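All chains, please: the whole structure from these sequences, using the hints.
2 protein chains.
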Amino acid sequence: MNAPVSTPTSAPALTKNQSLVFDVLDRADAPMSAYTILDRLRDHGFRAPLQVYRALDKLLEFGMVHRLESLNAFVACAHPESECCGKGHGHGHGTVAFAICESCGHVSEFHDHEVDHRLGDWAKAKNFKPAKTTIEIRGLCGACAA
Amino acid sequence: MNAPVSTPTSAPALTKNQSLVFDVLDRADAPMSAYTILDRLRDHGFRAPLQVYRALDKLLEFGMVHRLESLNAFVACAHPESECCGKGHGHGHGTVAFAICESCGHVSEFHDHEVDHRLGDWAKAKNFKPAKTTIEIRGLCGACAA
DNA sequence: TCAATTGCGTTATGCTATAACGTGTGTCAT
DNA sequence: ATGACACACGTTATAGCATAACGCAATTGA
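Line by line, the protein sequences give chains R and Y. 15 is the number that this note's numbering gives to position 15 of the first sequence; each next residue is one higher, with no gaps. 124 is the number that this note's numbering gives to position 124 of the second sequence; each next residue is one higher, with no gaps.
Hints are computed from structural coordinates only; laboratory data are not their basis. There could be a bad hint or two in this list.
Copies of one chain are not kept apart here, so a pair can be met inside one copy or by any two copies together.
Stated by the list, open to error - Taking lysine to any residue pairs in the SDA-like style, the calculated list, with each CA pair at most 25 Å apart, reads:
#  : residue 1 : residue 2
1  : Lys124    : His79
2  : Lys124    : Glu114
3  : Lys58     : Phe46
4  : Lys124    : Cys144
5  : Lys124    : Leu140
6  : Lys16     : Cys144
7  : Lys124    : Arg40
8  : Lys129    : Ala146
9  : Lys16     : Pro130
10 : Lys132    : Ala143
11 : Lys126    : Glu109
Only a predicted model underlies this, so the values are computations on that prediction, with no experimental measurement involved.
Rendered as structure tokens:
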């Protein structure tokens with residue numbers, strides 16, 4: 001009784017734990033640490049960090065969640081349109097960048113093809129084979145800077 | 001007897017602890033965690049993580065060391081030429097990017113003005129005020145990919 | 001049916017980072 | 001000089017992030 005359950009709607013079928021973790025992240029308006037997610041899910045039977053980390057690993061693999069390296073925290077992917085962020089099966093659309101407001105915590109996810117291109121060129125010139133690229137801008141969002 | 005000691009040579013005068021930490025990083029051929037640095041310096045009287053973290057904080061502030069967010073580790077700045085990386089007093093030269101080999105651990109530090117420019121444009125358009133930008137490419141270096 | 005795979009739960013542990021306290025030492029305005 | 005201040009330092013304790021290693025249950029498919 002622990003296998004993924006296919007939903008009427010979208011992409012890869014999520015297990016119960018994966019759904020719970022994703023829903024928490026998707027409803028959040030700021031990144032959450034694994035332990036914060038754990039606390040949110042105690043009422044649903046979560047007791048240990050591994051339950052969260054295992055779900056997160058899968059969600060990351062599915063491209064439904066991003067990890068913010070500079071925060072050790074996680075966010076739901078902001079543009080669920082089909083194969084969002086690179087691996088799914090489809091094409092994805094390259095590296096995603098994040099602008100993180102240090103005041104309100106809000107995160108904007110965006111993509112810049114030219115940036116991708118420049119970093120790709122550098123890699124090619126150096127014979128470096130990129131696996132995963134992290135771009136995170138920390139600062140103040142428009143609302144908070146005002 | 002705990003004040004910075006001015007050296008004949010370069011930039012900001014470092015205290016004993018700061019020098020020790022910097023030397024360890026500078027001699028390393030891969031990023032080091034704070035705790036690894038601590039272990040390297042036990043023989044020099046280091047006993048606690050804070051001794052390392054405090055030194056690192058200053059070295060980061062001086063722009064002599066970079067933190068790799070995706071690794072929770074630190075490297076000495078690769079181009080010590082004068083005011084390296086942004087804050088010193090001088091101008092610096094914008095955001096630095098890192099290519100991190102997941103096989104041999106080697107880190108290449110580089111700068112791409114166009115990438116800076118594009119990210120700056122995005123920020124301007126969104127009215128976002130950047131404070132610090134992280135760019136890290138993980139993958140395989142030329143030598144290891146071969 | 002049986003082996004392989006995957007998800008799950010639990011306990012224990014390890015790694016990363018900082019809080020809070022007190023000490024000593026230089027600087028400098030008074 | 002002296003006292004206020006800033007800063008580096010040392011120590012203990014604790015907080016926060018992540019994974020190892022064990023075993024069980026269910027699904028899949030040869």
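Checked hints:
1. Lys124 <-> His79: The answer is between: 22 Å across copies meets 25 Å, while 29 Å in one copy does not.
2. Lys124 <-> Glu114: Result: close both inside a copy and across copies, 15 Å intra and 16 Å inter.
3. Lys58 <-> Phe46: within (17 Å within a copy, 40 Å between copies)
4. Lys124 <-> Cys144: between (39 Å within a copy, 14 Å between copies)
5. Lys124 <-> Leu140: Between. Shortest inter-copy distance 12 Å satisfies the 25 Å Cα cut-off; intra-copy 34 Å does not.
6. Lys16 <-> Cys144: The answer is neither: 37 Å in one copy and 40 Å across copies each exceed 25 Å.
7. Lys124 <-> Arg40: neither (44 Å within a copy, 36 Å between copies)
8. Lys129 <-> Ala146: between (41 Å within a copy, 10 Å between copies)
9. Lys16 <-> Pro130: Neither, since 33 Å and 38 Å both go past 25 Å.
10. Lys132 <-> Ala143: between (31 Å within a copy, 18 Å between copies)
11. Lys126 <-> Glu109: Classified as between: cross-chain Cα gap 12 Å, same-chain 28 Å, threshold 25 Å.
In summary, the numbered hints that this structure violates are 6, 7, 9.
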